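Starting from the given sequences, assemble the full structure and let the hints guide the process.
Number of protein chains: 2
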Amino acid sequence: MNEKSAFLNRVAYQMRQWSIKMTSKAGSGHVTSSLSAADIIAALFFDVMQFDPDQFNNPNNDRFILSKGHAVPILYAAWRELGKITDEELLSYREFTSVLEGHPTFRFAYTEAATGSLGIGLSIGVGQALAAKQTKRDFKTFVLMGDSEVSEGSVWEAAQLATFYTLNNLIGIIDCNRLGQSTPTMEALEGDAPERFKKMFAAFGWQAEIVDGHDVSALVSVLSAARESADRPVMIIARTKKGYGVDLFEDQEGFHGKALNEQQEKEALAQLRERFKDAHSYPSTSSGRTAGPNEAQAKLGKTERGTGCAFTSEDEEEKNNGWNSRAENQGGVNSQNASSVRPELVEGYERISLPNPEYKKGDAIATRKVYGQALVALGAASDHVVSLDAEVKNSTYAELFEKAYPDRFYQSFIAEQNMVGMAIGFDRRGLMPFVSTFACFLTRAHDHLRMAAIGQAALRVCGSHAGVSIGQDGPSQMGLEDIAMMRGLPESIVLYPSDAVSAYKLVNEMANYHDGISYLRTTRMATPVIYDAHESFPVGGCKVVQQSDRDQVLVIGAGVTLHEALKAHEKLAQEGVSIAVIDLYCIKPLDVTTIRSVARASHNTIITVEDHYLAGGIGEAVAAAVSSEDIEVHHLAVSHLPRSGKPEELLADAGIDAQAIAKKVKEVA
Amino acid sequence: MNEKSAFLNRVAYQMRQWSIKMTSKAGSGHVTSSLSAADIIAALFFDVMQFDPDQFNNPNNDRFILSKGHAVPILYAAWRELGKITDEELLSYREFTSVLEGHPTFRFAYTEAATGSLGIGLSIGVGQALAAKQTKRDFKTFVLMGDSEVSEGSVWEAAQLATFYTLNNLIGIIDCNRLGQSTPTMEALEGDAPERFKKMFAAFGWQAEIVDGHDVSALVSVLSAARESADRPVMIIARTKKGYGVDLFEDQEGFHGKALNEQQEKEALAQLRERFKDAHSYPSTSSGRTAGPNEAQAKLGKTERGTGCAFTSEDEEEKNNGWNSRAENQGGVNSQNASSVRPELVEGYERISLPNPEYKKGDAIATRKVYGQALVALGAASDHVVSLDAEVKNSTYAELFEKAYPDRFYQSFIAEQNMVGMAIGFDRRGLMPFVSTFACFLTRAHDHLRMAAIGQAALRVCGSHAGVSIGQDGPSQMGLEDIAMMRGLPESIVLYPSDAVSAYKLVNEMANYHDGISYLRTTRMATPVIYDAHESFPVGGCKVVQQSDRDQVLVIGAGVTLHEALKAHEKLAQEGVSIAVIDLYCIKPLDVTTIRSVARASHNTIITVEDHYLAGGIGEAVAAAVSSEDIEVHHLAVSHLPRSGKPEELLADAGIDAQAIAKKVKEVA
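Top line first, the protein sequences correspond to chains A and B. First residue of the first sequence? That's 53 in this note's numbering, and the numbers climb one at a time after it. First residue of the second sequence? That's 53 in this note's numbering, and the numbers climb one at a time after it.
Any copy will do: because identical chains look the same in the list, a pair fits if it lies in one copy or spans two.
Straight line, CA to CA, 25 Å or less: simulated SDA-like cross-link-like pairs of lysine to any residue:
id, residue 1, residue 2
1, K188, R279
2, K421, N313
3, K310, P699
4, K77, E326
5, K188, L241
6, K619, Q599
7, K698, Y162
8, K715, D682
9, K455, D303
10, K251, L241
11, K251, R284
12, K623, K716
13, K716, D705
14, K251, N220
15, K188, F216
16, K188, Q107
17, K251, S281
18, K623, E719
19, K188, F108
20, K188, E402
21, K698, Q315
22, K455, R230
23, K716, R648
No lab work stands behind these hints: they were computed from the structure. From a predicted model like this one, the values you see are computed outputs, not experimental measurements.
This is the structure in structure tokens:
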């Protein structure tokens with residue numbers, strides 16, 4: 053065995069030991085899934101990947117995404133070996149006060165992607181690899197997947213798109229350990245899983261290679277070659293054994309996510325020592341870390357591209373004083389500011405203030421079209437802006453951006469999950485992704501949006517064709533649950549313009565929101581411009597568009613229902629009934645102060661009206677916000693499955709048109 | 053050309069004509085997508101498929117799913133040719149009063165699956181094909197997809213599972229017309245799309261064949277062979293042209309979903325006549341329908357398997373008096389009871405009343421485990437019950453059912469979208485599917501659930517591991533938006549038991565709910581049994597578990613928070629503060645009457661406490677329900693991104709534990 057392999061085997065051995073210790077200490081966690089991946093991680097982090105562990109956010113670093121997030125002990129163990137986590141911290145895994153969570157989150161500063169819902173990592177990797185090309189950088193993106201998660205459709209969306217975009221800078225690895233949580237994998241039950249996966253990825257246009265996942269030398273060889281792929285993405289299918297190295301559970305069912313008790317832990321560590329005798333006797337630093345190339349070697353290893361970890365086998369002196377000893381000087385990850393990730397990423401973003409648009413009051417224009425127009429303006433204001441659309445660019449008007457900036461437009465085809473995954477990757481690499489499709493089809497990407505929120509990604513999302521007002525296409529094309537879905541994402545903001553001016557300004561606001569997902573809900577039909585072009589629409593506000601000193605009710609509308617509310621206002625005025633009307637252009641965060649104040653002046657009575665189901669929509673948001681006060685709230689919302697028809701017929705059928713509003717006002721006033 | 057081909061060409065020609073007329077009349081709709089599929093539909097409906105159009109629900113009929121739902125004009129035109137839709141009805145397409153919606157829904161009695169969100173049809177087809185095997189029937193399931201939708205991951209989940217389950221009774225067809233809505237398809241941009249698709253499906257284990265999609269004779273040949281596949285699913289890749297038959301738009305971009313104006317329509321129909329001269333001059337019935345085999349022939353064509361439409365070329369006399377003339381006698385589809393679909397399907401279901409379970413008060417047992425136990429009991433009570441699980445059966449306890457009824461358990465592996473799609477297919481074919489996975493991972497199938505609701509499918513869904521109380525695994529594994537998602541499905545019911553008895557009874561209730569999706573939210577941790585085994589838990593009810601004549605506040609909890617509320621009750625009682633406590637085991641529909649009445653007796657003050665985000669959760673549901681009354685509602689819910697930790701730490705961190713409740717009570721009492 054050569055020196056490099058001995059070193060890597062030692063690292064893998066150390067990481068295996070720690071994976072056992074961490075999970076046993078925690079009393080839960082996925083030790084067997086970690087052990088199967090140990091050699092892959094050793095080869096990647098300690099030889100193949102070119103990155104500087106001291107500058108995690110160096111834009112030239114190779115990136116690593118642990119798609120099989122439950123195997124995070126092995127990732128933490130790797131960063132311990134890299135000197136960034138203290139032993140004590142490592143053993144705090146899964147504790148409330150620790151940043152080392154049960155699945156990777158950004159509370160751990162060396163996380164590349166929040167994972168834990170399977171089948172998402174490769175989508176994010178596609179985004180990172182595209183971002184590399186967009187920003188003309190040579191870094192590579194490595195994504196480690198489990199074999200079970202390959203059944204997720206999201207993986208195959210990514211596989212198709214990676215080929216379409218010729219992502220020769222994307223390398224997937226399948227830790228093909230045969231066993232899932234409760235059963236062998238589908239492919240393992242059908243025959244030789246690695247051969248099947250190879251055929252499947254090859255048919256999707258990937259270079260696919262099978263390797264012994266416990267042979268570090270073979271891994272280095274195949275991964276290094278993959279790193280230099282000329283013309284296509286590469287999938288490395290690593291034949292591994294779950295729990296490799298410990299007889300107690302190696303390649304056995306029933307040990308997924310099972311931690312060992314004290315006695316078992318002792319046995320397992322002994323078995324490990326026995327199995328990896330050479331690795332066990334390999335020299336360590338005083339801190340117990342594997343002795344790697346020393347500081348000087350690390351520097352030699354660095355290229356101007358920011359490389360830090362490439363092993364330099366020619367120069368082996370001082371190997372006992374490895375660069376890993378830097379670890380102790382850092383104080384570990386728990387002392388780091390966990391919230392530092394996003395500020396660092398968005399450093400480059402200055403606040404964008406677009407000039408006022410030129411829409412004129414009374415002109416009819418669809419807010420979805422304005423989305424496209426504003427996006428073009430943002431594209432001019434910032435090179436960071438990229439647009440992704442799921443094959444409806446002529447409906448969402450993302451096509452306007454494509455025409456203006458074809459090299460910053462990414463066609464995601466009908467693959468909404470991957471579109472959102474790609475956007476996470478773009479965000480992570482410092483670009484500003486705007487994604488668009490029909491509001492209803494965003495439900496296809498709900499889990500990806502959920503994980504994006506957990507990963508603090510600042511996605512800008514536009515859902516067009518909201519509500520029954522789309523008309524003839526029928527219920528399958530109507531977004532009627534998107535407000536609820538988007539409100540439920542931590543740190544999200546939810547915007548819903550009713551006219552061109554507010555739509556334009558709100559798209560601008562999205563560009564300036566970096567703390568989470570911003571959602572813009574747009575309407576299919578043209579609506580009249582009601583605002584002066586100079587008006588501003590700050591996040592967290594609303595507009596009082598009608599108010600008098602004798603209002604009997606406050607009607608809160610948004611989007612298409614605002615116009616119905618205004619019609620009702622006019623109609624009722626003719627009958628001598630006065631109502632206040634609020635345009636709730638920002639649904640989250642809610643401007644409770646204004647709502648409360650106008651409601652108080654309107655007989656403490658509110659009617660909300662929305663082109664959305666009641667659950668989680670505007671009515672419930674408002675009701676909950678004022679529910680501890682003496683304010684009545686009545687709701688008009690879509691309460692039954694809609695159908696095809698003319699928009700006005702459907703608004704009437706749902707009981708959310710001007711007539712329904714006027715009727716309700718008379719009932720409650 | 054032989055007689056059969058001449059007949060099929062004529063049918064296709066007629067259907068093309070009508071597709072143009074319908075969309076032109078409606079002023080919207082997808083004519084070009086219909087024209088590319090006309091010959092495929094002709095071959096399927098008028099030769100290959102074995103079914104009786106007079107008995108649409110005959111369980112032996114071959115089934116057809118239009119996955120590319122936007123091409124529904126061609127489906128309606130086919131049913132006109134089959135005599136089930138009058139010409140006048142056909143021209144009511146997309147009108148409010150018509151059952152012929154813009155995408156197929158069950159308001160049209162001959163719909164097999166509600167579609168319109170792409171990439172779902174094949175999943176449903178997998179379910180139907182499995183149902184055929186489960187019920188030991190020989191019918192085949194045909195699924196017509198567009199080429200654009202093949203980019204959806206859901207398709208590849210279905211592709212893997214169809215191979216795994218050796219579905220030789222499932223035939224997919226790709227209408228490979230090169231053009232999507234706004235761009236050529238991904239595969240078309242990369243080269244020869246049909247060859248690429250063939251390679252991809254073959255690698256996934258399918259028999260894949262390319263055919264000229266405008267040659268009815270070739271189509272009949274390849275589809276008939278596919279119908280007899282011995283050992284695997286078959287994908288027919290039909291080379292077609294979008295808008296085939298009309299020069300105006302054939303194979304051209306920019307015509308997706310575009311209806312023709314009057315002048316264009318005239319031109320198009322003329323071009324069609326010119327192009328299909330022979331078909332145009334083929335004899336018709338007096339009603340203008342294509343003259344097919346006559347009544348006698350149709351009967352000849354029938355097998356005891358319920359076949360109705362097989363063309364019998366030997367006997368061609370009386371072809372001018374086709375069986376299609378039956379059409380006129382039926383009065384058309386608009387006169388049919390659109391809501392008849394479900395009752396017909398559930399005819400076979402008698403109400404199930406399981407014996408009381410044997411849980412004892414005080415025993416600790418997780419509601420997720422009770423789900424599995426109750427499912428076993430249901431399996432004994434009804435052969436209709438099948439269980440599907442997404443590779444977490446040992447966590448959801450679906451494994452108990454698998455052990456008891458291995459032949460009725462379907463492992464869906466980590467493919468939640470396909471699991472739900474399969475369940476839709478099972479339901480459609482008269483089985484009673486229960487699907488289970490972690491509540492959070494149901495978000496992956498949100499669009500499929502949405503389409504299931506549009507399709508009135510009575511899915512029984514269990515989401516386990518709800519809320520922060522799962523503990524150490526961290527936020528990626530916590531269902532915190534599932535209540536909102538499930539409440540937002542039309543006709544859904546949402547159940548959330550807090551103990552074993554209520555869980556058991558509620559699973560029983562799910563079996564008796566046939567009008568839509570029923571959702572059961574279960575908890576990871578064991579909770580004490582608080583109810584007597586004889587208590588009942590009707591849908592739409594709640595339990596008043598603590599009440600006195602001096603309650604200062606009503607606390608509403610559910611699941612794990614009910615136990616926190618009970619602890620708070622005890623703690624506060626010691627301090628002399630009395631509260632009422634409601635167990636909201638049914639969140640939708642909400643028992644407003646009881647809530648209102650208890651609140652009125654508790655100083656008109658409610659505190660809701662839930663292990664879920666506020667948006668669309670219990671707090672908002674309750675607030676909205678009483679928002680027009682003089683009742684204060686305060687909310688305790690998860691308001692920030694959680695982390696890993698012990699359940700009790702996380703409940704405290706989220707402010708939803710007993711202590712937080714007690715504190716809130718003191719604040720507001």
